[in-house]
Structures are given as structure tokens and as C-alpha cells.
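Asker: Line by line, the protein sequences give chains A and B. Residues in the first sequence are numbered from 207 upward in steps of one, following the numbering used here. Residues in the second sequence are numbered from 2 upward in steps of one, following the numbering used here.
The set of hints was computed from the structure by calculation and includes no laboratory data. Errors might be hidden in some of the hints.
Among chain B residues calculated to face chain A with C-beta under 8 Å, some are [as the list claims (entries may be wrong)]: (1) T26; (2) T81; (3) R85; (4) I87; (5) T107; (6) F167; (7) F237; (8) S260; (9) S296; (10) R377.
In silico SDA-like pairs for lysine to any residue, Cα to Cα no more than 20 Å straight-line [stated by the list, open to error]: (11) A:K233 x B:R297; (12) A:K365 x B:N369; (13) A:K233 x B:I230; (14) B:K36 x A:K365; (15) A:K365 x A:A504; (16) B:K36 x B:L46; (17) B:K36 x B:V190; (18) B:K36 x A:R477; (19) B:K36 x A:G485; (20) B:K36 x A:K233; (21) A:K233 x B:D385; (22) A:K233 x A:E329.
Glycine is no exception: its CB is placed at the ideal position from the N, C-alpha and C atoms.
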Amino acid sequence: MTPLNHLRLLEAEAIHIMREVAAERSKPVLLFSGGKDSIVLVHLALKAFRPGRFPFPLMHVDTGHNFDEVIEFRDRMVESLGERLVVASVQESIDKGRVVEETGPRASRNRLQTVTLLDAIEEHEFDAAFGGARRDEERARAKERILSFRDDFGGWDPKNQRPELWNLYNARIRRGEHLRAFPLSNWTELDVWQYILEEGIEVPSIYLAHEREVFERDGMLYATSDFVERDERDGDPFRTSVRYRTVGDLSCTGAVASTAGTLEAVVDEIRATRVTERGETRADDRTSEAAMEERKVAGYF
Amino acid sequence: MSETVTETQLVRLATAGSVDDGKSTLIGRLMWDAKAILSDQEDDLRGRDGELDLSRLTDGLRAEREQGITIDVAYRYFATPRRRFILADTPGHVQYTRNMVTGASTADLAIVLVDARHGVVEQTRRHAFLASLLGIPHLVVAVNKMDLVDFAEERFDEIVRDFCAFRDRLAARDVAFVPISALRGDNVVDRSEAMPWYGGLALLEHLETVDVARDRNTTDLRFPVQYVIREGQSDFRGLAGSLASGTLRPGDAVRVLPSGVEATVAEVRTYDGPLEAAEPPMAVTVVLDRDVDASRGDVLVHADAGVEPVRELEADVCWFSDRPLTPRARLLLKHHTRTEPVLVDQLVDRVDVGTLDRAPAPAQLELNDIGRVRLRTRTPLVVDPYEANRAGGAFILVDEATNETVAGGMVR
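Given only the sequences and the hints, what does the whole structure look like? Please build it.
Answerer: Shown next as C-alpha cells:
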């Protein structure tokens, strides 16, 4: 038999992890943002659990500052799957006074998501949350285990992680604690795109090149929208062909100039790029050298 | 399969080396030359003086950057047109042995770094032994800093001889030696002109060509049932799991262990359809020809394999906890998909990882100690000797009170 290629091996590993967590935890949830990584997670869940139903709902931590195309995609996908979607709303957290919204042109709801996420995990008593995070994204993530233990406060202690050997995952926790499970830990951005291409997985249209009104801020292209206030340092809006490498809050997610209108062209562009995904399009990682680590310690995914 | 997708093999690497052997530089060099470091990361790797510091790439935690040491395993990814590499960069400090074991447990190949000036030292033996204990089939001894010994062939030969002096105590089947200078890039990606006497492959060429496909055990069927998939309307009942070893085909007569019930495989399927055969580590769903009692934790083996579950076993364990392991300890053992209470009957010996000598009957095993133990489980387990079957011989021990993973174990 010919050896499995690298995508098949990564796929097998991810399915194994998903089944393991589903078997050992009583109330998991799959964090679904409508982005490519969580879409791949859902696809892998089909492979892991069909013809049965998913042993978990999907949960979208909704900042309220979304791309319309992503919400449309989310709802259509959940409908066609026949699975359950839980929406945890940052707007509701703001309304309840759980968090205070930042103001001004550089305001972002990204940081507020952590509180909404942890509140939802507590409210629904979820004991494990699947996330589409990959270790190649960021150097703090490169250090995280596939099953990441979170204490009562949802926090991550990078210096005291459980040893993780072979494919034998320790999913035991106490009440109030939970796990974050990252089946795509060993995938790179290129693997994700190659897999999407090979499997014919549908993604929101914003991942392919399209024309959009954008303005330049700190070297990144932001979509003009009701959620982002411009200031005098920002450039004037203009229309150009762009695509997105990540899907996040409109206030912190940049587009890249691109004419890649097909998945094949996207794969070629990703293969040739000289800038990382988060470096190119995520303002939230740029605030300090350890921005991601700090947020993760606080409970961010 | 799409034309744009290249058939690339996945290879898992682990590195080992003492603190100043130049491990970070080597990893940086490999990734740099494989163009896996992108421009924004490059900016990140420059210190205040603008000098490129490749070690910053692997030290992802704030505490590591502050202290300038590697605390935990970092996973790095790079690719050549033929292969995709997952590199577990493991800390060299003795006190982080458990993290090294974490990184090495899944590796196909380990790179052990030796400083050409210092030669084979205790850490070299320690790392080679750990790699061997964990059953890593391929070992590459990279003799680094050859530029600091004038690229002398005699020095390299001496180190090879010293290493080979204890080689027969290692289980690794395949050991290669490459003289390199990570700093200058000699024999890392391209063969070096500074060492014309060396006729072997450059390190990356070696990583690209070592035969890892043959390392899998494709003969002894072990299919641990991981998750039972049911679907009400069609009465579907499938046993989902990942093949640990062996090959599984429709029509195979299998036995469900530990119960011993026999059945025939009606179908091996995936979401994408039925398969003619499955091999490790594929994740599949098995449908049996009759309704037998099989659930998570059970293992399917070929009916004629003569495998019998056992309640007593001997194993080497690496102890990870600050609280020592003492005889009569009660723990949980996770093997395949089964977690069972286990009693530590006896501590047989403790290994001096510097000399590889075994001192009999220690009073306890302390943090990072490795030793042989005798265990008794509540329910019979379908275990294999680790040497013959890595997946079938591996287990972890968990402290039920704290839920800590306190040991990794290998059945002997």
C-alpha cells in the first residue's frame, strides 16, 4: 500500500483527536467563526461522526462586527448540516455590563470576545471547546498542547502544561475546568488551503478575490464599514481587488490586495507569500510582542 | 486528486542537544534555507542591535525570551518539495526531560547534536538513549561546529567512534553521522566544500530521503474502538477508531478483546465511502457482520493472531511528577482508548541515563527518572512490546487525584 500523503495523515490525526475528546468529555462544543479553519473542523467532524449526529453543538462567538458574507455562510451551512448552533453575543455582554466597549477609531471588540466566550462556556457547562487554532500561526501557539488545559478562570498556564505523548490524550478535568482542543495544531496555512481545494470545501466568498472599498491603516487594508471609525492618519477609501486570509472582527481584520479568484490561485499565492497570515492581516497580534500569549493566558482561544 | 496538490510525505522530527550545541541555530538554519521563515517573522528575530538571532524563533514564551532558555517543546513546520516536516524542538536541560519525551514520542527521526569541540558527552548519551527508549527508528548525529575544529576529519571520526562505543546499547536501527556547521551552513542543506573528505549526504538531504514508510507495523492488527457511531433511522452501528497497527479489510475474521467474541468485518468505511483496506494511522469506521458487544476501550485483532490480554506487565516509565513514584502506588493507566486503574507492584530498576547502567530496586522514582516497573491492571489489556509495536506498547499514567499526566510508559 502506498504511504498516506501528508494531508491524509493530518486528517487522520485530527479525526482521532475529535473522536477522543467527544468520547472522554461529556459536553464539548465546536467553536465556529465561519473562518476557513473552523470550516475545516466542521468538515472533519463530518468525517469523524457521520452517519451519526455531531456529539456537540457549534458555537459562534459573535462580535456583532461581522462580514455579512460570513454570517450568511454560517447560517446556510448550519442549516444544511442539520446541527445546532449556539450564538454567544459580545453585544449582549456589553448590554449586560460584563464588558465595556472600547471607543475611538482604533476600537476593537476582539479582546471582549474572551469574556463572552468564557461566560458562554460557563453558562452551557461546556467542558471542552474545539478550536481551529494552528501552531504555525504564532509563536505562543507553537508552544501549546493539542489538548490545552484551562483552569477555573479559563486561563492557560504555558509553564505548566501536561506532557502529551503519542496519541494518548489526557482529557481528565475537574468540574469548572475545561479543555481547549486543537485538532489542526499540526496544520499550516498552506495545508488548510490545499485541503480545502482537494476536498472541494465551500468557504465564504470573501476568501476569494473580489472588489471592495478599503482604506489603508498601518500598512493594512481595512474594509470601510459602519464598525470602523476612520481618523486623519488613515488613507482615503478606494476600490480595489482584495481577498482575506483570516476572518475576524471587521475592526481588526485586514484584507490583502489580490486577484486570486479561484482556490487554485489562492493556494499558489499562499505558497509564494513572504508574510505570515496573522502578520499580514491581524491588527490584534501587533499590539505587543507577547500579545497573543497574554490573551491566551487570560482565556482567549 | 487535484493537479496542484503535490504528493508530499509527512515526517516528524525531534531535536536533542545540550544547551550550547547550537540547536536553535541549526533549526533556524534549516527553516531559513527552506524559506519557512517569513519576512515579518524575520523582523521579529532581530534584536535591538538589528542582529539576526535565530534562537528567538523557537523561544515563543515570554519567560523563555526573558531568560534566554527553552522551557517547553515548540513545534515548527517546514517543507521541501518532497516532504513536510513537523519538528519538535525540545529543551536540552535535564529538568525538562518530560518535555523532551513529549516531543520525541511521535518522532520518526531524532537529530542529536554534538559539539565537535566537546565530543560525546553525558548529554549526548542521555539524548541518544531517550531517543532509543522512545523507539525513534532513525537517529542522525549531527556533529556541529566543525568550523571550530578546522573541519578536521580525524576529529569527526573520533566522535563517530566514541558514539559507536555505546551504540549497541541503543535500539535505533539506523544511525547516521553528519559533520556540519549550523552557523555557516556547511552540510546542512548543501554539501560543504570545506569538508571534501565527507562522502555522505547533507543533513536536509538525509531528512528528505530516510525511509520512514517502512517503520509502520502493518502486520499485527490492533484496532482500538474509540467511539461507537449510531444512526437511529437506519439502525447503523459502526465502531470508529484509528488503526494502531496492522491492516484491516472487509471479510477479515476478527476477535473483540478482552471479551474474545468473534465476528467478521462487513465493511471498513469512511465518510468518503467504503475502503478495500485500511492501514495505520487511518481513522475509519468498522461495521461487523453481527451485533456483538464492542465498545470504547475494546481492541479488534485478527481472529487467528493468538493475542491474549494480560493483567500484569513490565514497562519502562519516565516519571514526570514532582511527587515521586513509590511501590504500591495506585494510578490510572491509559493505553489505546482504555483507561484503567493500575497498581504499581514493584520498582524493578532505575536507569542512570548518563552511563545507561541500571541500578536494581530503587526506593522510588523521582522527577525525570526512568526505570522499569511491574504493573497490575484491573482489566486485561491488549498490550504489545513497544519494540515490536510502538502504538501497542505505549501508555500514560495519570494521577486520579490531580489529573496530572505523571508518566509515559513503554511495555517491555
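Asker: Determine for every hint whether it applies to the structure shown.
Answerer: Okay, the hints, checked on the actual structure:
1. T26: 17 Å, violated
2. T81: Violated: closest Cβ of chain A sits about 12 Å from B:T81, beyond 8 Å.
3. R85: 4 Å, holds
4. I87: 6 Å, holds
5. T107: Nearest chain A Cβ about 6 Å off; hint holds.
6. F167: Constraint on B:F167 not satisfied, violated at 25 Å.
7. F237: With Cβ-Cβ at 5 Å, under 8 Å, it holds.
8. S260: Hint on B:S260: violated, closest Cβ of chain A at ~19 Å, above 8 Å.
9. S296: Since chain A brings no Cβ nearer than about 10 Å to B:S296, farther than 8 Å, the hint is violated.
10. R377: 20 Å, violated
11. A:K233 x B:R297: This hinted pair holds, its Cα atoms lying about 17 Å apart.
12. A:K365 x B:N369: 16 Å, holds
13. A:K233 x B:I230: 17 Å, holds
14. B:K36 x A:K365: The hint is violated at about 30 Å.
15. A:K365 x A:A504: This hinted pair holds, its Cα atoms lying about 14 Å apart.
16. B:K36 x B:L46: Holds - the C-alpha atoms of B:L46 and B:K36 are around 14 Å apart, at most 20 Å.
17. B:K36 x B:V190: 12 Å, holds
18. B:K36 x A:R477: Since the Cα atoms of B:K36 and A:R477 sit roughly 11 Å apart, the hinted pair holds (cutoff 20 Å).
19. B:K36 x A:G485: Holds, at about 16 Å.
20. B:K36 x A:K233: Distance ~42 Å between B:K36 and A:K233 Cα, so the pair is violated.
21. A:K233 x B:D385: 33 Å, violated
22. A:K233 x A:E329: 12 Å, holds
The structure is inconsistent with the numbered hints 1, 2, 6, 8, 9, 10, 14, 20, 21, although it conforms to all the rest.
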